[in-house]
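Enquirer: Chain by chain, the residues run as shown.
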Amino acid sequence: GAVVSQHPSWVICKSGTSVKIECRSLDFQATTMFWYRQFPKQSLMLMATSNEGSKATYEQGVEKDKFLINHASLTLSTLTVTSAHPEDSSFYICSAPGNPGYTFGSGTRLTVV
Amino acid sequence: KNEVEQSPQNLTAQEGEFITINCSYSVGISALHWLQQHPGGGIVSLFMLSSGKKKHGRLIATINIQEKHSSLHITASHPRDSAVYICAVRSGNNDMRFGAGTRLTVKP
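Same order as they appear, the protein sequences are chains Z and E.
Using my numbering, the first residue of the first sequence is number 1, and each one after it goes up by one.
Using my numbering, the first residue of the second sequence is number 1, and each one after it goes up by one.
Think of the hints as simulated: they come from the structure by calculation, not from any bench.
On a predicted model such as this, the values are computed, not experimentally measured, just so you know.
Any given hint might turn out to be false.
Quick list of in silico lysine-lysine cross-link-like pairs, BS3-like style, CA-CA up to 27 Å [stated by the list, open to error]:
{"hint": "1", "chain 1": "E", "residue 1": "K54", "chain 2": "Z", "residue 2": "K66"}
{"hint": "2", "chain 1": "E", "residue 1": "K107", "chain 2": "E", "residue 2": "K68"}
{"hint": "3", "chain 1": "Z", "residue 1": "K41", "chain 2": "E", "residue 2": "K107"}
{"hint": "4", "chain 1": "Z", "residue 1": "K20", "chain 2": "Z", "residue 2": "K41"}
{"hint": "5", "chain 1": "Z", "residue 1": "K64", "chain 2": "Z", "residue 2": "K20"}
One chain only, chain E, in its complex shape (with noise of 0.2 Å):
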């Protein structure tokens, strides 16, 4: 069983639906990364949560340390959101462990 499990794996949606993807880890973590990944392979960081709740533009993130879970949220999607959203765990040697991603597509 991976470390770090998302869902779904793949997920298409309509512009302007509401899209959540969910991350469960099973290992102690100082820090919980969402990460977006283009189709040209760039990497850009989204959130970095270690409790509650963050919210940037159309982008909420929301981490229950208790339940290990962590959901990504998308408000009004847009075809540019399409990527590969990818959930990482931060242990307390810094190192990082990947789900295995979830890849979008928004429809226009």
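This is chain Z alone, in the form it adopts within the complex (with noise of 0.2 Å):
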């Protein structure tokens, strides 16, 4: 089936660094990739929906410039979180509609010290 593969799976930086963190399609093209965001014991909250060839949409109060989504060919969605502060530590999973259902990437923690 459908499968998103998503790297890091873990990742620690150090506050003001940036932070890359990649989700391919791996049989299928993905043109609109979703990314979320899970704090701990909290549910995924939709942070942005990015498409091939065009700017991603933001959800409200995400900062656009602070985590910049690329979405540079049909099997590739990047979002790489700027000058990462460790309020922005968390779980980050994306997930591409697939057909029928949608194909999660398998996540990337991130802790920011």
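Build the complex from these two chains, which are given one at a time in their own frames, with help from the hints.
Expert: Spelled out as structure tokens, the structure:
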């Protein structure tokens, strides 16, 4: 079935640095990729929707200059957390619409120290 | 009020018990999803429903569009079913809204 490969699985970075998270659709073309964030013991929150060939759509309250999303091709979408702060520490996960359901990446646990 | 409400929040069961998790939503949807999130965070899509009932192994999902309600049932529960089960609804523009999740623990 459809697979979305997400890397890295976990990352620890220093405050002020940037971290890039990649999601690749391995055996299908993902024209759309949803990016979610999940804080401990909370549900997933949609951050933004990326579309191949156009600008991402951000949810209210999500800073587009801080969370840079690029949908470079039909199989690759990236989320870059710029100038990371400890409060950005969270679980980030991507998802692409498939047929029939949605396929999720395995998630990235980001810890900013 | 959340657009997607799940109950219960936490559920502990003995192995072999029949389990029901409920989901109510307040928005118009094109589909409802049941997801399973394991302790490591990985998410697996269990079902996508727009009407009726679906069954996969020991899992059964039902939806009542008129009542805006869905249930996920697990028959003959097993400790490996322990996970967080999340209800999510998809609107016409394809984005998803999630319930808070139900944390299920099945004890041997």
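Enquirer: Confirm or reject each hint.
Expert: How the hints compare with the structure:
| no. | hint | verdict |
| --- | --- | --- |
| 1 | E:K54 x Z:K66 | 41 Å, violated |
| 2 | E:K107 x E:K68 | 31 Å, violated |
| 3 | Z:K41 x E:K107 | 21 Å, holds |
| 4 | Z:K20 x Z:K41 | 24 Å, holds |
| 5 | Z:K64 x Z:K20 | 14 Å, holds |
Checked against the numbered hints given earlier, this structure breaks hints 1 and 2; the rest are met.
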